[in-house]
Amino acid sequence: MKFVLKIILIISLSYFLQPHLPWWIIGVIPFLLSIIIKTNGASSFFSGFLSIGGLWFYISYNIDLETHSILTEKIASLFTLNNSVYLILITSLIGAVVAGLGGLSGYTFIKLFEKKKSPYY
Amino acid sequence: MKFFKFLISIGLTLASIYFLSIRLHVGQSTLPPLGKFLNPFQGFWQNAKPGSIDEPEEFSIPGLSEKVTIKYDTNLIPHIFAQNNQDLYTAAGYVAASQRLWQIELVTHHAAGRLSEIIGNKTVNMDREQRRIGMTWSARKVLEEWKKYPEIYNSLEAYSNGVNHYIHSLEYKDLPIEYKLLDYEPENWTPYKTALVLKYMSKLLTISESDIENTNFLKIYGLDTLNEIFPDFAEGVDPVIPPGTKWDFKNEIKPIEPDTLFTVPLISNVYEKPFKGLGSNNWAVGKSKTTDGTAIFANDMHLTLNLPSIWFVVQYHTPEFNAYGHILPGTPYIIQGFNDSIAWGMTNAYRDLVDWYLEKFKDENRDEYLYDGNWLLANKVIDTIKVRDDEDIIDTIVYTHHGPVVYDRNFQANSQKVNLAMRWIAHEPSLELLCLDKLVKSHNYDDFKEAIKYFSCPPQNFAFADRKGNVAMIVQGKFPNKYYDQGKFILDGTTSKTEWQGFIPLDENPQIFNPDRGFVSSANQHPVDKSYPYWVYTNNNEYYRNRRINNFLNQTDSINYKDLMQLQNDTYSIFAEETLPLLLDSLKRDKISEKDLTVARELGNWDYKYEPLAKAPAYFEMWTKELYLIIWDEIFDSDVPLPHPSSYQTVWLMKNEPDFEFFDIKNTPEKETLNNLINISYQKCLQDIKQWRADNPGKELNRSSYFHTSIMHYAQIPQFSAMDLEVGGCGDVVNAITNTHGPSERIVVKMGDSIQAWHTYPGGQSGNPGNPQYEHFLQSWIKGTYFPVYYFKNQDDYPDQTIFSQTITP
Chain L
1 MKFVLKIILI ISLSYFLQPH LPWWIIGVIP FLLSIIIKTN GASSFFSGFL
51 SIGGLWFYIS YNIDLETHSI LTEKIASLFT LNNSVYLILI TSLIGAVVAG
101 LGGLSGYTFI KLFEKKKSPY Y
Chain W
1001 MKFFKFLISI GLTLASIYFL SIRLHVGQST LPPLGKFLNP FQGFWQNAKP
1051 GSIDEPEEFS IPGLSEKVTI KYDTNLIPHI FAQNNQDLYT AAGYVAASQR
1101 LWQIELVTHH AAGRLSEIIG NKTVNMDREQ RRIGMTWSAR KVLEEWKKYP
1151 EIYNSLEAYS NGVNHYIHSL EYKDLPIEYK LLDYEPENWT PYKTALVLKY
1201 MSKLLTISES DIENTNFLKI YGLDTLNEIF PDFAEGVDPV IPPGTKWDFK
1251 NEIKPIEPDT LFTVPLISNV YEKPFKGLGS NNWAVGKSKT TDGTAIFAND
1301 MHLTLNLPSI WFVVQYHTPE FNAYGHILPG TPYIIQGFND SIAWGMTNAY
1351 RDLVDWYLEK FKDENRDEYL YDGNWLLANK VIDTIKVRDD EDIIDTIVYT
1401 HHGPVVYDRN FQANSQKVNL AMRWIAHEPS LELLCLDKLV KSHNYDDFKE
1451 AIKYFSCPPQ NFAFADRKGN VAMIVQGKFP NKYYDQGKFI LDGTTSKTEW
1501 QGFIPLDENP QIFNPDRGFV SSANQHPVDK SYPYWVYTNN NEYYRNRRIN
1551 NFLNQTDSIN YKDLMQLQND TYSIFAEETL PLLLDSLKRD KISEKDLTVA
1601 RELGNWDYKY EPLAKAPAYF EMWTKELYLI IWDEIFDSDV PLPHPSSYQT
1651 VWLMKNEPDF EFFDIKNTPE KETLNNLINI SYQKCLQDIK QWRADNPGKE
1701 LNRSSYFHTS IMHYAQIPQF SAMDLEVGGC GDVVNAITNT HGPSERIVVK
1751 MGDSIQAWHT YPGGQSGNPG NPQYEHFLQS WIKGTYFPVY YFKNQDDYPD
1801 QTIFSQTITP
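Chains L and W supply the protein sequences, listed in that same order.
FYI, in my numbering the residues of the first sequence are 1 to 121.
FYI, in my numbering the residues of the second sequence are 1001 to 1810.
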């Protein structure tokens, strides 16, 4: 449940903030959310990875569709990719990894302040 | 342990963000900051546009005095309606920036020798050259002159205000894609940048001289041989002003020829000259020769073909004038165009406008130089070139009163260490903008003449037509009044006798109004015949296009606008017509195998037209290229740069001087004749064809595949370019499309009761490769078709052709 909540929050916050803030805000949002909403490490990573990966895929795919690949094809070819789909995938992957790492960093950060329960009690 | 985990994950996060935020060098290429660039919310994705216009419908620009309305037509041509010049040019600046921001800034960086700031060390030599020939120095000088004329300077400030308003409205996501790819940002526009754009054009059109090469040739072969191969007036030329025109000059001043002798060492390096053979065509047919008695005007200007296109089309409407035409993005004024009374357009009028003075300095410090027996102080300027990702380059440039010492021990260092100062007409302040300001407001020939007298550089053949059916041509520019052969060779810098002795009076520039033949035309050929009282020289005359145009216009009566469109797209080669029979007749066919004769047979059946899929033009190009190289082997094998003879004079010598000494190949023991050369070059041509087929497997050799005409993006990005086009033409035919150059626009204007016009150019109004209109006109340009011009009289005209209406308020 927390996982789904986090995904919804990351997507909506990113969607509204990204047009106005530097691109790396997609690392900061999952970082902060993983501090506020505690889950485990894998869940922190994948909430970032999947939300931004999905969001960036959705936006770039839509632009590609709406503009009949007018620029995607040119940039893909410039990057020596032979299909513009790869460019959409690379875009999504870059966003996904940065956001995933941001989420994981948030989790490991809040862990620093967690008191370890002694096994001897 | 927990701390360690945190360090790893935060480290990985920050590292990935860092490396995705900077440019990465991979092998020869540089990647843009990937995170920033690929971000779909702000990166390159935002430059992809579903529609051709993405602009606010209403906004305000402080500084406007009244409301401005802009109507965009289906071809994305803005029709700007303003109440005064200030408002007009503010809007024009905004419009130009919104369509072409990256291009206009790049041109100014190029002109100012600042490319290395963006590109890095690859462009340092280009930048140094621009600084050394005085581009920024002369741009600053001309700006000071402009400040004395508020009518133009205020317009330039208004234009800057418009451009800057657009720049300040941008966020990263709105930047043109090239800024994102190269990862830099636009800077503020100023009137100085417009001066740079004009200097850029002046350079392109006036510095293809060969004074140093001529000097080398003179030293090696002597004056007689030079005059035989490079005559000032070749036999049979058809000048701009019809031969036989009487010159009735009252102010004629004869320059004084010095009697001193002066020797120069051989010079082994020269900088790269702009493409020789850049040209244009213009003509205007008067009422006596057209079907319905109205003058028809046509112009196609030939330049390096680039994307975004060098031209941008606009209509300007104020209570004072209503003009339509081509502007150079970066300058506010219409350069070629028409208004409700007249049409005008230009071709380049080549003349030798660069001269080199050999300076004698007192010592190695070069603080003082000798002039008329005195030591004069030289001026030294320390120039810093900023280089991206590298150290600054510092260059010292010495100026004498002649101009900057371009060639010296530090630049193109030649073994002689000579100091050559450049005197260039573009170094003089001039008022072309005042001319353009007056042109759009001209109503008749007198207004036109009054306007163009301010046009100094680059000199142009101005064609004129009006609605009364009049036509005229004026060879306009500020031409030094030179004594015979002055500046054809390096000049002695130590004496005042070799200075330019004033300029040819403006009234005495070649001109003609309503000539008997019923039309005027120009195509970069000689301006006049030998009877013109002043000495006229350039190394860059055109010999073929002009005769084709004149033949057609002389032979055709009752001409209509469609004939002129056809003529603009004509690919018939007079060069081939005059050369090929001689070549084919000289072939020793009995010594050539049946298979090898197929090329000659194909050429024998050729109609001399450079059609896109014709094979013969490719064969002919290859053959004549080989022949040219072995005829002039003395020139191409030389250790020092020498001038290149024209094809025209080469053919003239072949026909009239078959025993000319240069026909012998120098490095062979036997003595070759012209006939030998033709046969040897035919064999070489067969070899070249074989090699071409091996290099291009599966491809058919024809005009298109041989030239592979390409319109390159300014940053040489192939994906943003139009490559390997299937087009006809070559440099010598009216449709002068070569591999990289050609008609940068074509326009035909019918000056009747109502004005009708048609045009096209190899590109589109939008400079954004992600805009559907980036190459909007390209196919029509290739096919030789035209778009009708929507010449608005009122804002509400052409409602069906208006796709977007924009209002700018104060």
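FYI, nobody ran anything at the bench for these hints, they're computed from the structure.
Hints should not be assumed to be uniformly reliable.
Capping the alpha-carbon separation at 25 Å, the derived lysine to any residue pairs in SDA-like fashion look like this [to be verified]:
#1 L/Lys38 - W/Lys1273
#2 W/Lys1049 - L/Leu89
#3 W/Lys1254 - W/Val1270
#4 W/Lys1273 - W/Thr1740
#5 W/Lys1036 - L/Asn82
Each hint, compared with the structure:
no.: 1; hint: L/Lys38 - W/Lys1273; result: violated (68 Å)
no.: 2; hint: W/Lys1049 - L/Leu89; result: holds (20 Å)
no.: 3; hint: W/Lys1254 - W/Val1270; result: violated (32 Å)
no.: 4; hint: W/Lys1273 - W/Thr1740; result: holds (15 Å)
no.: 5; hint: W/Lys1036 - L/Asn82; result: holds (22 Å)
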